[in-house]
Amino acid sequence: MKREEDRALVRACRRGDEDAWVTLWQRYGPLVKSVARRTGCDSDEASDILQRVALVALEKLDSLREEGKLGPWLAGIARFQSLEMIRQRRPTSLLHEGSAVSDPRYDEEMAKAEDLGRLRQAFAQLEARCQRLLHRLMLKEPPDSYSTVARDEGLSATSIGPIRRRCMQRLAKLVEKLSRSGS
Amino acid sequence: MDHITEAQIIELLQGEGSAEAVTHLKTCARCRSLQQLWNERIEGLRALSRESLDDLEIHRLRVLYRHLGPSEDHLPRWIATLVRSSRTAPAAVRGLVSGEIMEYSAGPFNIMLQVGNHGPQSKVTMVGQIGTTEDEPQIGGTFSVISAAGHERFSDVDEFGEFHLADLPVGSYRGTWWFEDQMLIVPSIEIGPDDDP
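Chains Z and R, in that order, give the protein sequences.
Counting from 1, one number per residue, gives the positions in the first sequence under our numbering.
Counting from 1, one number per residue, gives the positions in the second sequence under our numbering.
If you are wondering where the hints come from, they were derived from the structure by calculation, not from laboratory data.
Beta carbons: idealized from backbone N, C-alpha and C, even for Gly.
Only true hints are included.
16 Å max Cα-Cα, derived EDC-like pairs, lysine to aspartate or glutamate:
{"no.": "1", "chain 1": "R", "residue 1": "Lys-123", "chain 2": "R", "residue 2": "Glu-152"}
{"no.": "2", "chain 1": "Z", "residue 1": "Lys-140", "chain 2": "R", "residue 2": "Glu-43"}
{"no.": "3", "chain 1": "R", "residue 1": "Lys-123", "chain 2": "R", "residue 2": "Glu-100"}
{"no.": "4", "chain 1": "Z", "residue 1": "Lys-140", "chain 2": "R", "residue 2": "Glu-51"}
{"no.": "5", "chain 1": "Z", "residue 1": "Lys-173", "chain 2": "Z", "residue 2": "Asp-115"}
{"no.": "6", "chain 1": "Z", "residue 1": "Lys-112", "chain 2": "R", "residue 2": "Glu-43"}
{"no.": "7", "chain 1": "Z", "residue 1": "Lys-112", "chain 2": "Z", "residue 2": "Glu-176"}
{"no.": "8", "chain 1": "Z", "residue 1": "Lys-173", "chain 2": "Z", "residue 2": "Glu-127"}
{"no.": "9", "chain 1": "Z", "residue 1": "Lys-173", "chain 2": "R", "residue 2": "Glu-11"}
{"no.": "10", "chain 1": "R", "residue 1": "Lys-123", "chain 2": "R", "residue 2": "Asp-167"}
{"no.": "11", "chain 1": "Z", "residue 1": "Lys-173", "chain 2": "R", "residue 2": "Glu-6"}
{"no.": "12", "chain 1": "Z", "residue 1": "Lys-112", "chain 2": "R", "residue 2": "Glu-40"}
{"no.": "13", "chain 1": "R", "residue 1": "Lys-26", "chain 2": "R", "residue 2": "Asp-2"}
{"no.": "14", "chain 1": "Z", "residue 1": "Lys-177", "chain 2": "R", "residue 2": "Glu-6"}
{"no.": "15", "chain 1": "Z", "residue 1": "Lys-177", "chain 2": "Z", "residue 2": "Asp-115"}
{"no.": "16", "chain 1": "R", "residue 1": "Lys-123", "chain 2": "R", "residue 2": "Glu-190"}
Partial list, derived from the structure: chain R residues whose beta carbon lies under 10 Å from chain Z:
{"no.": "17", "residue": "Ile-10"}
{"no.": "18", "residue": "Glu-40"}
{"no.": "19", "residue": "Glu-51"}
Chain R with its partners taken away, still in its complex shape (with noise of 0.2 Å):
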């Protein structure tokens, strides 16, 4: 018998395959792996009809269009890049018991993450400080950040460009900075097990 079609397999998964078509799959090995592509892509198609996206994960991706998306007002906007992160010891950041310093370059702006607790009974904290390397900075405006669970924390930034975020449950954040017309993004932010006592 020569290979068995595609259409024999499809018959074959419902079921319904000729035994001659059966017998030829024992000694063919081809044939058992265009079975076994087709077994996959099944349960592929299983497992996409199981997901579906939640309210809160279409209004991020709204809220992320809407800030990055094409705009005739063309704000500007950034979005960072981490440039070094390490963890701290534990006299090395002021007030941290430990903890990690993340650095990011945006543009002519730069961010520092301090992310660590201050004690074995505190929580997680996220102290950050953004400066610029513009001639006389003017830095203010608010700092959140978002994980993809949906918990939220927001922050001003104060003139020196220092904002600071308590209470961080463990999990991976999106970071934005605003600041009258501008934003800045920092897309990924790990809190994870270890930052959290």
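One chain only, chain Z, in its complex shape (with noise of 0.2 Å):
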């Protein structure tokens, strides 16, 4: 998925397709999930985030004005629902008055969302290889062996460290690119 599939699927969306809007929410809707438990909501609460951040995306797709930015921007409004909905339900244990927004980490918890959102867009932006070998090795719980992965891949035992390596210098230069033209 490259920024320009990310752009190509906000278009089709605007134009009616519902294929597309299917689409971009099996991409984008584990994003918006995690943010809403990483924020404190349960189960039940972050499907029904995923539900109002897809109406706000609804009503707002419109105005998107970069189009390539669509993680961050998903995730941002996934962190403003989720605290606005564990105000609502909890008005005494996150904030003391107001809403989310008055709450002084409001700022450095919504950057940390989009800074994941930047995350999944770089991790998807990755060559197939590279995303196969660090779900495989990092991501998935619990891990798979090197051995493993070299057998499944055709590679060497040997070659599996420095190819992760590789690949996670890969991702951490498509953050900072992300990150550099403001997504």
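Hints given; two lone chains; assemble the complex.
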């Protein structure tokens, strides 16, 4: 998935393409739910946040100027909606008064949510082999062994470590590039 | 030693960092901060990989788009906004022992929802009233609610705009009113533990 694909996806959604809409949420729905969970929502609340974010996105899709920044944009909406939900349900637990925006931690937490959005976008821009390797070696729980991954990928076990390092470096460069471009 | 590079941070994450880099981290808050950032990023990606969308969520997203997304039909549709809400005293609302009254506005329509229970042994009930500013109002159709957990209830709306939904579990709901070619959505109706005896 490249930024151009995200742009094409957004434009298709604007034209009334329902399948594009579903594809968009299959790609970014997990990000939205993850942001909700990391904010403190439970599983049911995260599912509700998904619908709320989808509603906001539908209302504001026409005004999204930079279509390549879909990930951070949705992550930011998810973070805000999650904080508001928690405030409404448990008004004394997170904030003493006002809305989520008045919390001094708000800017920092929003920045973290948007960073996760950039990270998600950067990960998706890696070539497929890097995505597979990093998922199996670092993200999967429990991670796969070097020997298992080497066997499945047709590589030597001694090459897995250097390849993983290069993939992570590429990921870091992509994140930096997205950050510099303001995503 | 100068600050360590992001590549060196990544090597450290994989347990392959140099002794020099490890020593530097002990004394450099800035590089420790960068290491912490990448630790959080990796944990964030792990959390992402644990999440997925189930069939019901996908279905609801489709329905949302179908009803509110771009359409050649340009059917009238409104999204209600909450105007006011208040907890009810036992005598304030007919039949309800306790609960909440919520009033919404959506275009030419207004909706009042009374959510509560009729006694210690009863489940949560929603009693609704749809009104309009039109001179010769025609009200009818169906009002439905669906929660994030998949609980759904339907009710006909009578000529006076009234509807009743019974036996509502605690949760966060979205309400939809359908009448002829019109649609009105109440994005969020909360039924909290206080409403459920």
